[in-house]
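A.B. asks: Sequence:
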Amino acid sequence: MSSLFTKIINQEIPCHKVAETEDYLAFLDINPLVMGHVLCIPKKEVDYIFDLEDETLAGLMLFSKKVAIAIDKAVDCKRVGVAVIGLEVPHAHVHLVPLQNVGDINFSKEKLSPSQEELASMAKSIQFNS
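In the numbering used here, the protein residues as written are 3 to 132.
It should be emphasised that the hints constitute simulated quantities derived from the structure, not laboratory data. Bear in mind the structure is a predicted one, so any value in this text is a computation, not a measurement. Note that the Cβ used here is the ideal one computed from N, Cα and C, for glycine as well. Be aware that one or more of the hints could be misleading.
Stated by the list, open to error - 25 Å max Cα-Cα, derived DSS-like pairs, lysine-lysine: (1) K80 <-> K45; (2) K67 <-> K46; (3) K9 <-> K80; (4) K45 <-> K111; (5) K46 <-> K68; (6) K68 <-> K126; (7) K67 <-> K126; (8) K126 <-> K80; (9) K19 <-> K9.
Said to hold, decoys possible - The following label-pair restraints were derived from C-beta to C-beta distances: (10) D56 <-> S4: 20 to 26 Å; (11) D56 <-> S110: 29 to 35 Å; (12) G105 <-> E47: 19 to 25 Å; (13) E55 <-> E119: 24 to 30 Å; (14) D56 <-> S117: 38 to 44 Å; (15) E55 <-> I87: 18 to 24 Å.
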């Protein structure tokens, strides 16, 4: 059965896309820790990030770096934090979170519930040609 992220890749479920290549996709988290929280995923469905082939893992991190640079330009933050948790969705993914302080990347805190309009506006401000 396809993961939620594979359904997003296949456009069965909509997302607020930030960047896309042939092998990777970046989109906003719909329940972000802070506004500008982006998920970067490989299009190949693999559950655990360290089960990715070396080339795919390296490519995911380089893709994530480009997305983080775009987030940093679009969102007022001190830096962009990186986290790999991997328990929420059985599809390898990287969280990129704009940070003002270390508490901004606390996954046990209550998530935001932005409107679709707020998400669309944020995605547009981060988008770039990858």
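A.B. asks: Starting from the hint list further up, note which numbers the structure goes against and sort them upward.
C.D. replies: Checked against the structure, the hints that fail are numbers 1, 3, 4, 12, 13, while the rest are satisfied.
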